[in-house]
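Colleague: Use these hints to put chains B and C onto chain A, whose structure you have.
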Amino acid sequence: MVIFMKENNSPFINVDDLPKSELGNVKFYAEDNGKIIKEVFLNCFDIVVKNGVCGDRRVVFAKCDGLTSSEKIIEGITKPMLHFSGDLPKKDVLQFISSEIICGTEVKTEKNLDLAIENLLRGCVIVFVDGVEECIVVGMQNIPGRSIDEPNYEVQENGSREGFVEILKTNMTLVRKRLVNVNFKIEVLEVGVSTKTKVAVCYMNGKVKKEVLQEVKDRLNSVNMDTVLGETYLRKALDTKRRTMFTMVGKTERPDTLCAKINEGKIAILIDGTPYALIVPRLFIENFQTFDDYLNRPYYATFMRSIRLISFIISIFLPGIFVAIGLFHQELLPEKMLYNVVVMESNTLFTLTVEALIIHFIYEIVREAGLRVPKSIGHAVSIVGALVIGDAAVTAGLIDAPMLIVVAMTAITSLVETDLYHAIAVLRIVFIIIGGTSGFFGIMVGVAILIVNLSSVENFGVYFLSPLAPYNKSLFRDTISRLSMEKLGKNIFDINKVGEQK
Amino acid sequence: MTEKKVTTFQFYSLLYICSVVAAFMFVSTTVIDLGTTDAILFPSVFGVLSLITIIPTFIFNKKSNGESVLSAISKRNKIFSDVVAFFYIVLVFILLLRTLARLDLFVSSEVFPENTMTFLIVSIVIVSVFLSLLDIGALSRASTIFLIMVTLSVSVVVFSAFSNIESVNIVPFFMNGETEFVKQAFSYSVFFPESACLILFLSNIKGNIKKGYYLYILFLVLSLTIVAFTVVGALGEFSNTQLFPAFAISSVGEFRVLERFESIQSSVWTVCIIAKTTLQIMIISNCIRHLFPKIKWWTPNALTGIIATAFIIYISNGVTRFSFMSSQIWVTVTYILLVVVLPVISLLSILKKKRGEKLA
Amino acid sequence: MLKKITLLFFIVVTLSCFCSCERYGTEIEDMMIIQGIAVDKDKEGYEVTIEMLNNKQSASADSSNVGEEMTLCYSGNGETVAEALRLIINKTGNVPTYTHNKVIILSEDVAKSDITKVLDIFERDYTTQPITLVCIAKDVKAGDVLKANIGKDISKSEVLEKILNQSAISSITPETRLIDVINTVLDETACIALPTVTLQKNGETKTFFVENIAVFNYNNEISYYLGRESSENFVKLLGELKNGTLVTEDEKGAKATFIIVDGKTRYKAEVNNGIVNYNVKIKMYCDLNAYEGDRFQSIENETVDIFKKNIESDTERRLQNTYKAIQENNSFDILHFGRRLLQNDKNSYNQMKNDWQNNFKKSNINVNVEVVIRRIGEESYHE
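Chains as they are written, first to last, in this note's numbering: chain A, 1 to 502; chain B, 503 to 862; chain C, 863 to 1245.
So here's chain A without its partners, still in its complex pose (with noise of 0.2 Å):
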């Protein structure tokens, strides 16, 4: 593979063709430098290359306009080069620049070019000095993006207001600020052949089984993506091996939370451009947990968490579960409510399993259309969902209003845990279906199914039902019920605990 235009003529270079380090190390001549960046970066127009004078030498600046601060560059860089008049050194000439001219904090020298440009890509200053085929990076970023800001999805009562926003940089600063501990440490690995997106590993030392953060580091080196852009790339990798229908990798935008799970010996993993951390291992019993239980009251805690616990049954099974009364148990009604079901059923055309689907399907249409369109659309989403499901299906008569009424309940109380949605969203369905089919016995038969999976689920070797199944009695006083802070304060959740037995 030839560069250089001189033996090609060929003005293109498909840089996709080109392996890794492909250019080599910096060439003698700094303009010759110059000339290949131009090359790389031809039709780029935000990499700026820019030629001078440093004394006696000829120097080449490049750098990718918008990553970096011009008003910084100008200072701390190209000012005092160009502006030097005296003599350089004929030996360790990029030291003395980089000491004695430019003003940096991060200021290193590369020899590998590709290695060079990479830099330049994250926001350094390269300068090539005529002479010496090594070059200077400086790091004079200036990367834009959001400012910090309160988390949208993970929305509390008490705590801080701070989410995490899409620079890494910001984010592991965010942690570090709460964590003043030189146990808490932090590794940075690249992923992603393209983007070659920067991801934090965070764990606390002495905390972590060292296998555990062995583990998590190989599967993520073990990722052979061509582009990671968010978390959910590399949530896979980190998942359990088991098929099922919950995830055991969590994922916060409180950096509150990121800390009290880090501080209970777990994993965090921060990813470049992603307000998101993931966490693993992550157990079942913490889709029902939030920071506020531990700012509240702990009786308070323990009943908002069974609340959640029951919306979560509910959200899944009621429906099926409605189904399955109205075709195989009625005897389980009261005789008012019997017959009150039954005079509105009689009303309506479809069978009660066909119209529990129909709804549903409604339902879950209404609510993607109101996710994706603009938020001023949102408002005529949601008066044409509550007019046409709400009032005129029941008026023409193609549903009823006790299974409106269970819709509804369904749909308020799957909001309650918005991690789990999607196992909830098709379990419902699904559970729809069996009850229809076969009633309880169908539905009981789904969740021995559900209930094995589950606790077959493993991950870093923590079994996603701990501390109930394997049941653990000093570790079960933080899940359902939250005991006071002095009583845990004895005994913190430890997940490397979760599987031992007393």
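No lab work stands behind these hints: they were computed from the structure.
As a list, the in silico DSBU-like pairs of lysine-lysine whose alpha-carbon atoms are at most 35 Å apart:
1) LYS79(A) <-> LYS35(A)
2) LYS251(A) <-> LYS865(C)
3) LYS708(B) <-> LYS473(A)
4) LYS865(C) <-> LYS708(B)
5) LYS336(A) <-> LYS1014(C)
6) LYS210(A) <-> LYS507(B)
7) LYS209(A) <-> LYS712(B)
8) LYS241(A) <-> LYS507(B)
9) LYS207(A) <-> LYS217(A)
Modeller: For chains B and C alone, kept in the frame of chain A given last:
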């Protein structure tokens, strides 16, 4: 030796739910009189019997250093271990058939009367085969959750029926004489052969096996006694006219929120039945794998499922075949072979070999 | 392979759902939700009347259908009860379910032969609750009880169930659930006693009236009736005393009404020379409800004592009389006194049970009533 994955608590909760379901769905009133006060004492007799019959297993555990029966014997005598495995296959298969037959009878007479249940029974078998492909650990862990469901449902039944207990139904003990009592208590006990599973899974269990077993028996006897007391007190002689006497309590009990809750009860028992069949298929396929080590990993389970389904469809079509399946003589023979004879023979075989080694 | 099996299973389940959803289940509006069943004799066999919920009535919000009844009655004839019940499907087109059945009403004709033949279907059928109430229609066809016009938008079975339950709580009639009837039949020494229901005129409409008790013989055939007072005494002897009222007089003849708040009954049976002696101890807790003294005058402590003694002696006498009446009238043991003997003396019971009717006739009773007056509605102490 396989990894020890299951704790004693998990394993015994699995055994518990497998046993307690028998009290509700298996014990038949053809031989046993559940209407008299004697029935309250039957569980205690069963408890004593279980404590005696488990002794060979405990000694076996000590002598084999926690190895399961088949691998421990096969190290000393391969052919003999094959024979033992074969017996286990046959006996547990009979248990499996009985479980499915009772489920069929239960579903077709209580849950969905006037329907043939082939489709649902087949789906139960498929589900059990599927679950048996997972390891014993998953099933045992799941049983700790099933245990909560079962305990809740039993308590609801008992509490709801407590107000219906009538003094007229309580008569003096040993109405029909002591010999009859012993005979009936034994007939009652043989419906619970679950403790035989212990010797097969010794290598999988970690923790204090003995202590766990005592607690398991205590808890089981206690709950069976409470159930029996409720049956006697609330139903009286009426229980002898019922196909599933313990289940009938729920139809007498009053529960404010719901009109009746038999269907909820029956669905909880369905879960137990699934756990039970899964455990049985697991045992059978493990034994088949011991006989034919080169067999594909899922074949024994599927094979067991298919054969069991074929049998059960045959049984399902005639009431006399049901009674043959749950006839007392069959139940007693399988119980004695599984719980007494096989563990004793296995123990003797390794003891004999050990003595032989010492002499040599 | 496993994947394929799972996929196949899933396809089968899904298809079976969409193609034969209602293979096992029945749509709720297609059910015949039976509220009450009445059984009469006819020439060939039985005539069965059912009261079911009116499924076709629209929601009450819809004003066009206001005139429709809440329940409907249908009758069917057949050689057996089961057949007659099945034939009602031809009239309604709905599938019967007995789960919400509240009462089973048997006519006198039916009760004149063995009632276990009629009740067998309800014992065998799983969907019938064993706590369904059983009663006898007296002087009226059982079907007419269910068809009676007692007012609009009322479920007659529900009303009858309430009356029967309430009269059991007030200790007027015994509680007679299906399970009690079956247990009595299975007890070889005991006989069935069932409350009766009659219809009374109440202007244009009619009302139910539950008062008497029908006594059955050992062949489970109706034999005679107990009047109202005897019924109340019978319930007290049976040990089912819960609530009730008592009327007594003071020394001047002023009447006082007491409410029984709670009652406890204890039995002791002894056998002397082949004769069973029963000691029945009844403890009643009573509150004074009304006193017809002069001008709301207050009650002296001595008067309370007089009330107490009067009630005790009066009740003892009445209970003993009722016991004798039951003994003299063919001595059918509707009091379960055979069972009481068994609880006290197993061996004697085994000797006597074969000729229990005779032994019951020879037995003696000694009733001991203790009354505790808890409240009289004012301070009990007066200077």
